[in-house]
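Visitor: With the hints as extra help, turn the sequences into a complete structure.
Residues per chain, in single letters:
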Amino acid sequence: MKRSIGGNVKFSLFYIVLIVFTLLFAFPFYYVFVLASWSRIYSNPPHLWFGSDIPVNLNSLLSQLPFHVNFFNSLSIAVLATAGTVFFCTMGGYAFAKFEFKGKKGLLLFIISTMAIPAFLNIIPFFKMMVAFGWYKTWLPLIVPGLANAFGIFLMTQFLENSIPSDLLSAARIDGLNEFQILIKVVFPLAKPGIAILGTVTFIGSWNNFLGALIMLPDPKKSTIPVALSSLFVRSDGNFGGLMLGTALALLPLLIAFIFFSKKIIANLTAGSIKA
Amino acid sequence: MIRTLFKKNTLTPYIFISPFFVLFFIFGLYPIGYSIYISFFKWTISGPQGFVGLTNYKNLLTRDPFFFKALGNTTWLLIFGSLLQHLIAIPLAIMLNNENKNFRGRGFFKTAFFLPYITSTVSVTLIFAQLFDLNYGWLNYVWVNLFQQERVNWLSNPDTIKTALAIMLNWRFVGWNTIIYLAGLQAIPGTLYEAADIDGANAFRKHLSITVPQLLPIIFFAVTMSIIGGMQVFDEPYVLLGGYEQMGGNGNSGLTSAFYLMFTGFKASRFGKGSAIAWLLFFIIMILTLLNKAINRMMDK
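So the sequences go chain by chain: L and A.
Residue numbering for the first sequence follows the numbering used here, starting at 22 and increasing by one per position.
Residue numbering for the second sequence follows the numbering used here, starting at -12 and increasing by one per position.
Simulated from the structure, these hints should not be mistaken for lab results.
Do not rely on the hints blindly, as some may be mistaken.
Said to hold, decoys possible - Straight-line distance between alpha carbons at most 25 Å, and here's what the computed PhoX-like set of lysine-lysine pairs gives:
| hint | chain 1 | residue 1 | chain 2 | residue 2 |
| --- | --- | --- | --- | --- |
| 1 | L | Lys31 | A | Lys193 |
| 2 | A | Lys254 | L | Lys149 |
| 3 | L | Lys285 | L | Lys119 |
| 4 | L | Lys31 | A | Lys88 |
| 5 | A | Lys29 | A | Lys45 |
| 6 | A | Lys254 | L | Lys242 |
| 7 | A | Lys193 | L | Lys149 |
| 8 | L | Lys158 | A | Lys254 |
Guide: Structure below.
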């Protein structure tokens, strides 16, 4: 009896601690939506509930930034990067998961080890190359280099190992399908759950990318949302209602995508790191 | 039959994995090699100005006050923004992993803990900038009214600039580390604890003698990720403290190493020196990772 009371106290304490941390993690998300609804974001005590100034803030945002252009750029880059990445990484992952070939282990290990290279190491020559290619101030540097990336190939390799029956591949070959047809008609449909995870992760990464866009698309008027919003903040006169609405709008697609897929994403991201 | 089918396929896997290698050589390996080359030159916006050998490295290590300032700031942030939080994340993971039958909402907590990690650094920074506001921010409101303290000028005082950055880093990564440790905990066989239960060990001892040693490989992984990430902090000080012009705010207190690298390369257009900074940072990350490995091994004994 005594033991179970002690257990319950401990148990309640766990709950309290976890709830406090949850509130700490969740509050900034809530707060940005609150601020997005006030044109005068400053008050004492600070706002805790919603106002009614979203239209005012939308006007203010659009008068300071071509936010629709930024939104379109962010969305287009993220969609193109996601579609391409999903294709090439599924293709590569399929090769590692379902073929036997010389040097397979070593090549996969090499690919995984490239993930440890810090991104800043090549950034200056990369910039110069993009200028030389004529890719500077285009979307291409933000899409092309990551199309067949190590993380995606590793993720899809792990996923496809268990989700494609080898018998099915043999049957397709006997039916006379060539390898590319098999990839499109057999592998892709079976890979859908894995593609959903990789797609979400890729979309989020592209949508959030600040450094790359800052270097390659430096003009806020023609850049992505993070660059546009940060430039508005840096030069702003303190009229932040529009900025907060923009921040909230930037978060919205992400929150929706994540809440939809969160369970699978968390499981797969952590499983990958445990194995590595 | 099977043999011929197999033979026909021998080129296919190589073709399927070739995009990675093509892209990696063009956009990864080549520029990395090229950056070594550039780092041996005085190289400005108008091109190479002559081979200078190791001068860029020597100047950075001997007479560049900003480089050391940035390294000091980065080290401070690495400790208080990235490393100490593992001491919070592991207990949190143990709480989330508790086996009480009445425990509900693990999935909910996991989602809530993970959310900050997937949020863009720019959004996070813009929101926190409002929380840090001197007159109207929640942080000062709580600090003054609940704790009866003086208002803190978070983003102007050189000391508190770093604290503000560390708060943001902790907010973003504590949950992520917790989820990683939780996954590690779930892989520990329960039988290990049963023996300790029979011995009558208390919870703290059990975790110290069983959980931590079992978790060591995960600790190595998570700490390594923290080191690599912590050495590359750029977005937060850039956005929070007014971009390149302010160079990390008052007293350059928010000037991180990655910030200085970006400033040198893209604001000052000194490509040779910038590349040398990149390589020095790379070596520092390697040394820290090896140190992590050594400490991890020592704890294993």
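Visitor: Evaluate each hint against the coordinates.
Guide: Tested hints:
no.	hint	result
1	L:Lys31 - A:Lys193	16 Å, holds
2	A:Lys254 - L:Lys149	14 Å, holds
3	L:Lys285 - L:Lys119	23 Å, holds
4	L:Lys31 - A:Lys88	14 Å, holds
5	A:Lys29 - A:Lys45	13 Å, holds
6	A:Lys254 - L:Lys242	19 Å, holds
7	A:Lys193 - L:Lys149	55 Å, violated
8	L:Lys158 - A:Lys254	17 Å, holds
Violated hint for the displayed structure: number 7, the only one.
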